[in-house]
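Letter by letter, the chains look like this.
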Amino acid sequence: MGKDKAQTVTDAPRDPQDVGYTLPIILAVAVHLAIIIFSLINWPTSSAEPDSSSIVQATLVSTETFTDQAQQVTEQQAAMNNNAEPVEEAQTSEPEPEAEPEPDNQAQQQQAAEEAARQAAQAEAEALAEAQAAAEADAQRRAEEAERQAQEQAAQAQAREAEAEAQRQREAEAQRAREQAEAQAQREAEAQRAREQAEADARREAEAKAQREREAEEQRQREAEAEAARQREAEAKAREEAAAEARREAEAEAQREREAAAQREREAEAERQREAEAERQRKAAAEAAEAAMQRQLAGEAEAAANAQQAQQAANSFINIVRRAVEQAWLIPPGASDSLSATLQIRLGPSGELLAASIATSSGDSAFDRSAIQAVEQAAPFGELRDLPADQQRNLRQINLRFTPGDVR
Amino acid sequence: MNDNTMSIPHLIMSASVVVQLVMLLLVVGSILSWVVIFQRSIALRRAKQEYNQFEESFWSGVDLNELYREIPADDPRHGAEHIFQAGFREFNRLMPKTRNADTVLEGVQRSMRVAWSREEDRLTQHLVFLATVASASPYIGLFGTVWGIMGSFQSLSMTQQATLATVAPWIAEALIATAMGLFAAIPAVIFYNRLSNNASRLLGKYEDFAEEFHAILHRNLQGRDGKPSAS
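Chains U and S are the protein sequences, given in the same order.
Per this note's numbering, residue 1 is the first one in the first sequence, and the count goes up by one each step.
Per this note's numbering, residue 409 is the first one in the second sequence, and the count goes up by one each step.
Next comes chain U alone, as it looks inside the complex (with noise of 0.2 Å):
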């Protein structure tokens, strides 16, 4: 037995201090390769959780010009602003209200003008001359575009009626455009023609005021055309005249609105260029349900339409662009919230960055260059290749604005 024990011990290895060192080095090695793999397989996933696109607000201004831009916003919020929903719900949907007397939209359009003319005598004298003819020339145009439409249809007494509603319009204004005696001879002769000429010469003098004033002209121009379109149709069943004024009278408030809203504009230019972009993206979508309703209806409507829809695809395409860039900025720490920089960007044609340059800095150097390195961070944008070739060429060049904002 305990011989048995004695060679067990004796068979046992013999140095048991005396232990290899392969295997040792075999299992240290194995130990650090284990931990590099696993380090580089857990990395890049630890490190991916995204950033918290809260922080940052970048907004994108306008694929436009800046003042292109200003106006834009201003129509629309003034077209928020005052009761805009009637227009909305005529725009989007078919006009659910059924079509009021005609008396009833006279005395309104009525009372639209004399408001509009009211506040344009408070306004600048200068300001006010220009807006006035604005109206005037709108209204004109509305009025013969009506009339138009009507004669086309055959229908005599719309006619009648839109002349005495421009008529009466025009009178009034030109009677209160007479009594300011501020740059009576131009606008006395503009009121004169027009009454004289009456809706034969509508158009021309609509020209030539366009000619005047053209960047507000497109505006309202396409507005008008639009309008005419929706006008058309609802006239064909039989529910123009509620759309349609609904609609002339957002458009007189509107103008209006816009008057307010230049003195304003300047004291809370950055608030509400913000408010009309979250604004437009709303209306966008509304927007696009009437500009297909609109390319079937009026060839005329066709531009405006088309400018809608490219505008809609161009939004999608900047909304994925500005979720890039705000997920790729880095604020510098000492930012304030009031600061805002604006880009210019170029990109190529898959999307590519060729260009980041600031159009209008911030002041703060650091700041504008963050919002380049975002830029440039978050390039390139492949999606553009997934836009139609036009809209694509719109938006190879783009303007997006950095704001340092709230949670949105």
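These aren't lab readings, by the way, just hints derived from the structure by calculation.
Some clues are possibly wrong.
What the hints assert, rightly or not - Some residues of chain S that are not near chain U, with every Cβ distance over 12 Å (derived):
#, residue
1, L440
2, S441
3, V444
4, R448
5, I450
6, L452
7, L513
8, A539
9, G559
10, A573
11, S608
12, L629
To be verified - Just the calculated beta-carbon pair ranges, DEER-fashion:
#, chain 1, residue 1, chain 2, residue 2, range
13, U, R369, S, M421, 26 to 34 Å
14, U, E376, S, V435, 16 to 24 Å
15, S, R501, U, I26, 40 to 48 Å
16, U, S336, S, T574, 20 to 28 Å
17, S, D616, U, L23, 29 to 37 Å
18, S, H534, U, E352, 55 to 63 Å
19, U, I35, S, M558, 46 to 54 Å
20, S, V426, U, A268, 54 to 62 Å
21, U, I35, S, T567, 31 to 39 Å
22, S, V522, U, S39, 44 to 52 Å
Backbone N, C-alpha and C fix where the C-beta goes; we use that ideal spot for every residue, glycine too.
Please arrange chain S on chain U, whose structure you already have, making use of the hints.
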């Protein structure tokens, strides 16, 4: 795409030469310390098993002379066996020369102490290296970090505008050195404590065994004192 530039291998590759050397040193230290950890763990476990086996056979009632003879003289043993061998050899050599029990026991004790201290040296071999890695590698890593940050600030002074984005990769790659130092140090500390504790416990058992063996010899001498006088 951002992850790629900030991944650990990329950072290590783009670090400066000194920092890379520090990292290399730390990697080597870590590998060696793990070699020591594995080697010592295996060795201590075997020594413990062997001690248990020997203790079992020692207390199984076998004759000590037989036990001693079973151990070949030219085959040096370790652990408690070594102590037993040294003590018993000394006992056998002294017995014919002197009749004084105290002298014999003293010689046996001395030889066992020598054997024990050799065992101690064997068991704690290389553990000092673990202690060195454990205490020094954080400092080495810190040195690499400081050096890297120094370089980053020097190159930062060349640029016109310094943002966090330009400094961050430098600091990250410098901090890797500290991370590696800690990575090498932490297992070294843990296993140094564990292994040295194991070794000291084993040495304590050897000591106990030596004392017990000494007691047995002492008892035998008391018995033999009568015998030689009787014969």
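Tested hints:
1. Residue-level check failed: L440 of chain S sits 8 Å from the nearest beta carbon of chain U, not beyond 12 Å.
2. Not every CB of chain U is more than 12 Å from the CB of S441 of chain S (nearest about 8 Å), against its label as outside the interface.
3. At the 12 Å boundary, the C-beta of V444 of chain S falls inside the reach of chain U, the nearest C-beta of that chain being 7 Å off.
4. Not every C-beta of chain U lies more than 12 Å from that of R448 of chain S, the closest at about 8 Å, which undercuts listing it as non-interface.
5. A Cβ of chain U approaches the Cβ of I450 of chain S within 12 Å, the least distance being about 5 Å, so the stated non-interface status is violated.
6. Chain U draws L452 of chain S into its interface by the beta-carbon criterion, the shortest separation being 9 Å against a cut-off of 12 Å.
7. A cut-off of 12 Å between C-beta atoms confirms that L513 of chain S is not in contact with chain U; the least separation is 26 Å.
8. Listed as a non-interface residue, A539 of chain S keeps its Cβ farther than 12 Å from every Cβ of chain U; the least gap is roughly 17 Å.
9. With a closest Cβ-Cβ approach of about 23 Å to chain U, G559 of chain S is found to remain outside the 12 Å limit, as its non-interface label requires.
10. A cut-off of 12 Å between C-beta atoms contradicts the statement that A573 of chain S is not in contact with chain U; the least separation is 6 Å.
11. Here S608 of chain S stays apart from chain U, with its beta-carbon at least about 16 Å from theirs, past the 12 Å limit.
12. In this structure L629 of chain S is separated from chain U by more than 12 Å, as the shortest Cβ-Cβ distance comes to about 23 Å.
13. At about 27 Å, the CB distance of R369 of chain U to M421 of chain S agrees with the hint of 26 to 34 Å.
14. Taking the beta carbon of each, E376 of chain U and V435 of chain S are about 36 Å apart, not inside 16 to 24 Å as hinted.
15. At roughly 45 Å, the beta-carbon separation of R501 of chain S and I26 of chain U lies within the given 40 to 48 Å, and the hint holds.
16. In this structure, S336 of chain U and T574 of chain S meet the distance hint of 20 to 28 Å, their C-beta atoms being roughly 22 Å apart.
17. The hint said 29 to 37 Å for the Cβ distance between D616 of chain S and L23 of chain U, and at roughly 31 Å that hint holds.
18. Between H534 of chain S and E352 of chain U the C-beta distance comes to about 59 Å, which sits within the given range of 55 to 63 Å.
19. Checking the proposed 46 to 54 Å range against I35 of chain U and M558 of chain S shows it is violated: the Cβ atoms sit about 28 Å from each other.
20. The supplied range of 54 to 62 Å is met by V426 of chain S and A268 of chain U, whose beta-carbon atoms lie about 57 Å from each other.
21. For I35 of chain U and T567 of chain S, the hinted distance range of 31 to 39 Å is satisfied, since their beta carbons lie about 35 Å from each other.
22. The hinted window of 44 to 52 Å between V522 of chain S and S39 of chain U holds, with their beta carbons roughly 49 Å apart.
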